[in-house]
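J.: The primary structure of each chain is shown beneath.
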Amino acid sequence: MKAGFKKNVVAAVEIEGLVKRYRSRPAVDGLDLSVARGECFGLLGPNGAGKTTTLRLLLGLTQPSAGTIRVLGLPIPEQARFARRRIGVVPQADNLDPDFTVEENLEVYARYFGLMPAAVGDRIRSLLEFAELSDRLRSPIRELSGGTKRRLTLVRALIQDPDLVILDEPTTGLDPHARQHLWNRLEELRAAGRTLILSTHYMEEAERLCDRVAIMDRGQIRAEDTPRALVDRFLPRHVLEIRETIKDRTLLDQNRCQVEVVGALTLIYSNEREYLTSLVDRLGITRYLERPSNLEDCFLYLTGRGLRE
Amino acid sequence: MNGLWRRLPSRGFSAVWMRNFLVWRKLWIPSLIANFGEPLLYLLAFGYGFGQFVKTMDHLPYLVFLATGIVCSSAMNAASFEALYSAYTRMEMQKTWEAILSAPLEPADVVLGEVSWAATKGLINALAILIVGFVLQLWSGAMVLWALPVIFLVGFAFGAMAMIMTILARSYDFFVYYMILLLTPLLLVSGVFFPLNALPLPVVRVARLLPLTHAIELIRPLLTGRIPHDVFANVAVLVVYGLAGYGIATTLAYRRLQR
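As they're listed, the protein sequences go chains F and Z. Under our numbering, the first residue of the first sequence carries the number 4, and numbering increases by one thereafter. Under our numbering, the first residue of the second sequence carries the number 10, and numbering increases by one thereafter.
Only chain Z is shown next, with the shape it has when bound in the complex (with noise of 0.2 Å):
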């Protein structure tokens, strides 16, 4: 179909993309710093703290454990932040995407740019918890660096999610309802700081459709010198995640941008 094939996004995407970058570039370091505190602290608090108690989990130490699953959920904040917040200011308050479509760019293209920009976000953040862990001596294994586009799929699916938010916004007060009815049962159920297993069937049913659980799968064992037993699952229900939020996202900013 003709309409639909006018919908692909061009390589115009990437400028959309280093526009960010470039503004990021500026402001990296408080910008890290208010990103990386809190899993951070997270990490500290609980992986030390709550570790004197509990000395492994799931046969592995419980700092490497919560570690692990920080790594995702911090990709999945990032990145959800990311393209909910920044994404709207600069379609709403900035005006930025109203000077980028009367450049020779199509809302596919802006919500690939902002989508591709908010999984990087992830994939920094995220970085600089495998940095510490580093450090700290966490990881083992030679397919640490595996993780990394495992992380950047992950950050590129959830980006993609909250951009269908972000479309449908009418004001910020719509992205707490995201992050604190969606996002914050997703990091309790999905394996962040226990095992799935500990959970009642019916939950782990539908945390098993959830995507930050398949993040988890993948991440965890890279980190940890295990292969993923099913990294062909987990990564197909990351890609469908990412490629149907895309496409909603995308239909979605045709009908609100295109008015």
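Chain F on its own, in the form it takes in the complex (with noise of 0.2 Å):
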């Protein structure tokens, strides 16, 4: 069968019993993953949960140990250099080229692309506009700020108008502002019916952006779901977030509550918000607040093992 037949069925990432092997540690052990067309799929985990060699993987940018990987219906790493064609990268770290402007930044990529800065001038133009770049045509990337230089790599990525964006750590480091502007950009994507796949340690933003995440930890998938339905499936609804020692924990009654703790923090979850309500006089503790549970109690929940025990 010819690959790019059946092009709009397929899905936009399929992986089953991937392995990546660095020696004899696995970075990436044992992954099965499947991303549909349209959907913006976030890659939740700890520092060295394997979430970057996974994108890499992807992108066909290290060799698999084991297992299977499809890109858009084509096999990688044998097809990578097709697969990348359409696909937009947004790394980790800023790799923009110090050498160049903004705008000869855009037309080199292009090329890289095969496409010829004549041909891309329009486009360069209406993507800077998109980002709020207009005013930076001619800006060296020295002069940029994080932000800016994080919203010309996303220009950057859709240069050769990819069907598939991957991005890791998109906002890490960025301020407030510059993180909701990128978040908007992001969005703003979803909504025009792009495949995203991020990677990300911020719940704030796979909650904002991701219709499904998968929570990884030491190179695997322990949950995958919408950001919703994994909060419910794992915890109870509302949660007390003590940040004192408590004296007497036998007030705590087992059959209500589930009670985690991480470091210096205590977590009591409950379903029975007047339950939570009334530990708080019981208890005696002054430093606490009563919340909904989300998604990086979630998170800590399935990745914070080490450090509880």
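Derived by calculation from the structure, the hints in this document are not laboratory data. The structure presented is a predicted model; accordingly, all values stated were derived computationally and were not measured. Errors might be hidden in some of the hints.
Unchecked claim - Which chain F residues face chain Z? A few, computed with CB under 7 Å, are given here:
| # | residue |
| --- | --- |
| 1 | Asp32 |
| 2 | Asn98 |
| 3 | Phe116 |
| 4 | Leu118 |
| 5 | Arg259 |
Unchecked claim - As a list, the in silico SDA-like pairs of lysine to any residue whose alpha-carbon atoms are at most 25 Å apart:
| # | chain 1 | residue 1 | chain 2 | residue 2 |
| --- | --- | --- | --- | --- |
| 6 | Z | Lys35 | F | Arg285 |
| 7 | Z | Lys35 | F | Pro120 |
| 8 | Z | Lys104 | Z | Arg34 |
| 9 | Z | Lys35 | Z | Phe45 |
| 10 | Z | Lys35 | F | Thr65 |
| 11 | Z | Lys35 | F | Arg141 |
| 12 | Z | Lys64 | Z | Gly142 |
| 13 | Z | Lys35 | F | Leu147 |
| 14 | Z | Lys104 | F | Thr65 |
| 15 | F | Lys152 | Z | Phe45 |
| 16 | F | Lys152 | Z | Met100 |
| 17 | Z | Lys35 | F | Leu118 |
| 18 | F | Lys152 | Z | Phe30 |
| 19 | Z | Lys104 | F | Ile144 |
| 20 | Z | Lys104 | F | Leu161 |
| 21 | Z | Lys64 | Z | Leu53 |
| 22 | Z | Lys35 | F | Thr151 |
| 23 | Z | Lys35 | F | Gly124 |
| 24 | F | Lys250 | F | Ala226 |
| 25 | Z | Lys104 | Z | Leu266 |
| 26 | F | Lys152 | Z | Lys64 |
| 27 | Z | Lys104 | F | Ser148 |
The beta carbon of each residue, even a glycine, is placed where N, CA and C say it ideally should be.
Take the two lone chains and join them into the complex the hints point to.
T.: Here is the structure:
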């Protein structure tokens, strides 16, 4: 069967039994994953969980030790060169070309896709407008702020009009304004039907952008679902976050709540909000926060064993 | 073999060459002055100074003899420097290669783009010396233009060998050894400053295997109106160095870049 046949039906990404070992240590250890077209998929996990390695494997930038990968219907790494024609990449660390201006960066990058400057002039202008960078056309890279560089990197990833955009921790190190700005751009891309795969360790980012997330730890996927369903599956709806030591633990009714300790923090989960409120008085605590449980709690619950043990 | 076939370069290598050319075009005047100043000083100091005492060498006026050698050595140095320091900066410091590799280009394309650019830098620098020689009326004969493709080939061979070092390197310190332990001795035994046959026979035997010797055996006659007497062997040695260097550098590049 020819590649490209059933072009619009095939999943954006299909991974089965993927393993990547460095020496003997596995960075990715038996991964199964499927991402549909038009979906925004988040890969969450602590540092060293294997997120970046997984993304590099998807792009054919490193050879798998075992397993199969198909991206946009093409087998990887065999056809990686052709798959990358249709993939935009925003790497973890900026690698814009410091020898060029904003415009030259985009022109030179387009050449790597076989697109000549004359053919991409209009596209560069409209993408810079999209990223609100139109006034920076002739700026040298060293004059751009961190947030501006990230936006330019996103523009660069879109230069060849990709079907799939892969972003490795796109907002790490950005200030809140720059982060909001980038999120808005990514939401627009999602609304336009482009498939996005992003890795992150910001749960807020995942909750806001992703249709579906997978929580990854030690090279494996611990759980995967929509952000809301994931929280509901593993944790009760409400949480009491306590930032002091609890003197009398016997006051906690194991049938009505679930207790997690993360470092100096104690988290008490329950589906009964009134019960949690009543605990505040009974435990005599002053430094606490009562709130709905969220993806971050779920993340800590699924990946935090090492901290608790 | 399927794996090996995938490692052949694509036309996309020219985009890598073009990227480097566009950067060079922004800074070509200071770059040329820096690269071309040193060989020019050697040429003038030794050619005129030393040439007062040594009138001719190998039946050529010493200035002409030396100038033809310096055309080769400046191509060698410029290509090596570009493929060592500049390419390493693009690979490690600027992460330019990383950006290129997330486009539909492969390590084979990056290495070919870089080596052919290093060869171009060698040609540009040698061309500057050729122009000086032309002004001083050092060259003669109708075969001067044939020197240009040969110089490119010399640059390619040295660029490819230097690229092996670059891809193995963990820091810039590595390159000093390559320059001092390999290129400098090469410069002294390959016939740049005096004819090969002035050296002891064992040294000559080794020198016959080295690329710069063959570069000079081609370029010196071409610039002075004679026909090189073993064109085929000379070209073959340079091609072998170029292809072997490219092949080894590419293999190592896949290992380093696709970890």
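J.: Next, verify each hint and record whether it holds.
T.: Going down the list of hints, with the structure as the test:
{"no.": "1", "hint": "Asp32", "verdict": "violated (17 Å)"}
{"no.": "2", "hint": "Asn98", "verdict": "holds (4 Å)"}
{"no.": "3", "hint": "Phe116", "verdict": "holds (6 Å)"}
{"no.": "4", "hint": "Leu118", "verdict": "violated (10 Å)"}
{"no.": "5", "hint": "Arg259", "verdict": "violated (51 Å)"}
{"no.": "6", "hint": "Z:Lys35 - F:Arg285", "verdict": "violated (73 Å)"}
{"no.": "7", "hint": "Z:Lys35 - F:Pro120", "verdict": "holds (17 Å)"}
{"no.": "8", "hint": "Z:Lys104 - Z:Arg34", "verdict": "holds (21 Å)"}
{"no.": "9", "hint": "Z:Lys35 - Z:Phe45", "verdict": "holds (17 Å)"}
{"no.": "10", "hint": "Z:Lys35 - F:Thr65", "verdict": "violated (34 Å)"}
{"no.": "11", "hint": "Z:Lys35 - F:Arg141", "verdict": "holds (14 Å)"}
{"no.": "12", "hint": "Z:Lys64 - Z:Gly142", "verdict": "holds (18 Å)"}
{"no.": "13", "hint": "Z:Lys35 - F:Leu147", "verdict": "holds (20 Å)"}
{"no.": "14", "hint": "Z:Lys104 - F:Thr65", "verdict": "holds (17 Å)"}
{"no.": "15", "hint": "F:Lys152 - Z:Phe45", "verdict": "violated (36 Å)"}
{"no.": "16", "hint": "F:Lys152 - Z:Met100", "verdict": "holds (20 Å)"}
{"no.": "17", "hint": "Z:Lys35 - F:Leu118", "verdict": "holds (22 Å)"}
{"no.": "18", "hint": "F:Lys152 - Z:Phe30", "verdict": "holds (24 Å)"}
{"no.": "19", "hint": "Z:Lys104 - F:Ile144", "verdict": "holds (14 Å)"}
{"no.": "20", "hint": "Z:Lys104 - F:Leu161", "verdict": "holds (19 Å)"}
{"no.": "21", "hint": "Z:Lys64 - Z:Leu53", "verdict": "holds (15 Å)"}
{"no.": "22", "hint": "Z:Lys35 - F:Thr151", "verdict": "holds (24 Å)"}
{"no.": "23", "hint": "Z:Lys35 - F:Gly124", "verdict": "holds (21 Å)"}
{"no.": "24", "hint": "F:Lys250 - F:Ala226", "verdict": "violated (34 Å)"}
{"no.": "25", "hint": "Z:Lys104 - Z:Leu266", "verdict": "holds (11 Å)"}
{"no.": "26", "hint": "F:Lys152 - Z:Lys64", "verdict": "violated (61 Å)"}
{"no.": "27", "hint": "Z:Lys104 - F:Ser148", "verdict": "holds (18 Å)"}
Comparing the model with each earlier hint shows violations of hints 1, 4, 5, 6, 10, 15, 24, 26; every other hint is respected.
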